[in-house]
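Trainee: These are the residues of each chain, in order.
2 protein chains.
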Amino acid sequence: MDTTTKICAGDVRTASRLIRDLEDKLPQARPRLKNLFVHTGKSFIVGITGSPGAGKSTLTDALIAEFRKHDKTVGVLAVDPTSPFTGGAILGDRVRMLRHAEDDGVFVRSLATRGALGGLSQAAGDAIHVLEAMGKDVIIVETVGIGQQELDIINHAHSVIVVLVPGMGDEIQTMKAGIMEIADVFAVNKADRPGAKQLQTELAALLSATPLAENGWRPPIVSIGNLYEPEGFAAKTAELARKVLEHHDHLIVSGQLAQRMERKALMEVTDALKTSILEPVLARLIASGELSKMTDRVKNRESDPYTEAEAVAKRFMKSGGL
Amino acid sequence: MDTTTKICAGDVRTASRLIRDLEDKLPQARPRLKNLFVHTGKSFIVGITGSPGAGKSTLTDALIAEFRKHDKTVGVLAVDPTSPFTGGAILGDRVRMLRHAEDDGVFVRSLATRGALGGLSQAAGDAIHVLEAMGKDVIIVETVGIGQQELDIINHAHSVIVVLVPGMGDEIQTMKAGIMEIADVFAVNKADRPGAKQLQTELAALLSATPLAENGWRPPIVSIGNLYEPEGFAAKTAELARKVLEHHDHLIVSGQLAQRMERKALMEVTDALKTSILEPVLARLIASGELSKMTDRVKNRESDPYTEAEAVAKRFMKSGGL
Chain A
0 MDTTTKICAG
10 DVRTASRLIR
20 DLEDKLPQAR
30 PRLKNLFVHT
40 GKSFIVGITG
50 SPGAGKSTLT
60 DALIAEFRKH
70 DKTVGVLAVD
80 PTSPFTGGAI
90 LGDRVRMLRH
100 AEDDGVFVRS
110 LATRGALGGL
120 SQAAGDAIHV
130 LEAMGKDVII
140 VETVGIGQQE
150 LDIINHAHSV
160 IVVLVPGMGD
170 EIQTMKAGIM
180 EIADVFAVNK
190 ADRPGAKQLQ
200 TELAALLSAT
210 PLAENGWRPP
220 IVSIGNLYEP
230 EGFAAKTAEL
240 ARKVLEHHDH
250 LIVSGQLAQR
260 MERKALMEVT
270 DALKTSILEP
280 VLARLIASGE
290 LSKMTDRVKN
300 RESDPYTEAE
310 AVAKRFMKSG
320 GL
Chain B
0 MDTTTKICAG
10 DVRTASRLIR
20 DLEDKLPQAR
30 PRLKNLFVHT
40 GKSFIVGITG
50 SPGAGKSTLT
60 DALIAEFRKH
70 DKTVGVLAVD
80 PTSPFTGGAI
90 LGDRVRMLRH
100 AEDDGVFVRS
110 LATRGALGGL
120 SQAAGDAIHV
130 LEAMGKDVII
140 VETVGIGQQE
150 LDIINHAHSV
160 IVVLVPGMGD
170 EIQTMKAGIM
180 EIADVFAVNK
190 ADRPGAKQLQ
200 TELAALLSAT
210 PLAENGWRPP
220 IVSIGNLYEP
230 EGFAAKTAEL
240 ARKVLEHHDH
250 LIVSGQLAQR
260 MERKALMEVT
270 DALKTSILEP
280 VLARLIASGE
290 LSKMTDRVKN
300 RESDPYTEAE
310 AVAKRFMKSG
320 GL
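Each protein sequence line maps, in turn, to chains A and B. Under numbering that gives the first Met the number 0, think of the first position of the first sequence as 0, with each following residue one higher. Under numbering that gives the first Met the number 0, think of the first position of the second sequence as 0, with each following residue one higher.
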């Protein structure tokens, strides 16, 4: 059996290997991904984001269990940006998800690719495609942090959960930084902590002051308490899963799903252009030692970055372009 | 007088206009920046980063006052990533810095450029060059958030302050996400809050368990209490400024400053390559309507992003390249 057939049959080892080969940029990986592409686009992709320590992994774990109760197969992609210096990835409490390891309907992968050239967003998109080809009904994409790159990754999702925790007075400020607009469902986690009530009130006020999205969806707020009070926690995470599935229905009925899929396709094309055009140029400049000569000239103020880059562009680009 | 002469003489209006023109990508802006370049590279660049709501703007404001006491002129660049949807920037409590508005030795600018093509890091680098050409002794670069892109921006700095606040139990986890390695000085802010002692202890333990950087610098931890208890606050922010200046001396003595300037030059060259090579291609594809046709084909699974991008690369790139 070829790679495509195996992955479409749900073969975990083949899928894992392809995701790793894509991350490592092995030459055989991309043609394989291209072959898979026609089998993608049918999964419901749920993004989950929020500050580090907000409890995203715990909620992801609970959501897996809930979606399984709805008889949906689940893929999880946890995106851990590699430290820019040590190259090490964080696993955090992601090990918790191991309890699903015996369940054939669940497939969890971590991604730790470096962020060069916006490559993390592309690597996430690639891995999501593999999970889609495996036929997972729901794919949860979990990101660490809330910077621009995490926003790019979350753009791969059809529906986005933003997780907030009480305790930081200026939490609402965070949301203004681009988070507010991307949330389809809010989860106020650790809602047994002081400040939870205030956070919910502020959030609800902010939401009611915001004009409804053009599709008429008002993001619901689900408050989730203590993991160690299992009954309340389970009921609340069940509610969270239900709200996400309701949002999915709403996306379909309102025609927004098609729009979001178009936005996603545009992003994938742009990411691929970055790779196809820039990477070969950089590879050439590195191999020939030119990149370090350019850097030296800039460092010594004998030249400036733009003059250097424009000379390279002239050399590598066709003047006409068509 | 031409732009270069005016900016080098510290003219605030000319500098502000050039920074804005660079953000807006006006055609005359880049040649002007190129002319300035030879006058850059002499400032000490301090990055300040940490979670939203950690109090970075308040500390920046206090640091301005401290550096002024050391008779240093100060430039501040506050990087507010624009919301990806509304296009609006956050000003937050940055207005506080207005108290320095009457001081000729201080120049504060906000930057709100979108993050496309890693443009935010480049826009920050451009603005820093303008502040350098103005002759500012110290330039403080403040970022919102702690994602990959913020790390890229902070790479423009010679010395980095990471601001932490107690109250999030998993704060230490944050630091593993690439923050630990970039910190030259830690500020534990809002240290009058519960959990501050624990955060300091954990941080100190983590630091002593980490091998010393090759340059022999052990990042100090400065705990800063309540803004509304002015005496203690002022003493602590004075200590923070002192530690940053000590780090600067250490960078010079250890030869690390030259290394960091080389890393910075490499990043600037790579950013400029992205702009010079990718932007014209994207502009062409958008103008001709091809980008939306490519997107449609990908959305409808008639093609995949890589096949589309490779065809574009073939068309725009010289096959030889030399």
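Treat the hints with caution; some may be incorrect.
Pairs of lysine-lysine, DSBU-like flavour, derived with a Cα cap of 35 Å [as the list claims (entries may be wrong)]:
#	chain 1	residue 1	chain 2	residue 2
1	B	Lys298	A	Lys68
2	A	Lys298	B	Lys298
3	B	Lys5	A	Lys298
4	B	Lys242	B	Lys33
5	B	Lys317	A	Lys292
6	A	Lys5	B	Lys313
7	A	Lys298	A	Lys242
8	A	Lys313	A	Lys298
Bear in mind the hints are in silico, worked out from the structure with no lab data behind them.
Trainee: Holds or violated: Lys5(B) and Lys298(A), Cα atoms, limit 35 Å.
Mentor: At roughly 24 Å apart (the allowed maximum being 35 Å), Lys298(A) and Lys5(B) satisfy the hint.
Trainee: Has the given pair, Lys242(B) with Lys33(B), been kept, meaning a C-alpha gap of at most 35 Å?
Mentor: Measuring from Cα to Cα gives roughly 34 Å; hence the hint holds.
Trainee: Given the hinted pair Lys5(A) and Lys313(B), is their alpha-carbon gap at most 35 Å?
Mentor: holds (32 Å)
Trainee: Is the hinted pair Lys298(A) and Lys298(B) satisfied, with a Cα-Cα distance of at most 35 Å?
Mentor: violated (44 Å)
Trainee: Check the hint pairing Lys317(B) with Lys292(A) against an upper bound of 35 Å on the C-alpha distance.
Mentor: Holds. Lys317(B) to Lys292(A) sits at ~22 Å (cutoff 35 Å).
Trainee: Take the C-alpha atoms of Lys298(B) and Lys68(A), compute the straight-line distance between them, and say whether it is at most 35 Å.
Mentor: Measuring from Cα to Cα gives roughly 31 Å; hence the hint holds.
Trainee: Does Lys298(A) lie within 35 Å of Lys313(A) when you go C-alpha to C-alpha?
Mentor: This hinted pair holds, its Cα atoms lying about 22 Å apart.
Trainee: Measure nothing beyond the straight line between the CA atoms of Lys298(A) and Lys242(A); if it is 35 Å or shorter, mark the hint as holding.
Mentor: Distance ~54 Å between Lys298(A) and Lys242(A) Cα, so the pair is violated.
Hints 2 and 7 from the earlier list are contradicted by this structure; the remaining hints agree with it.
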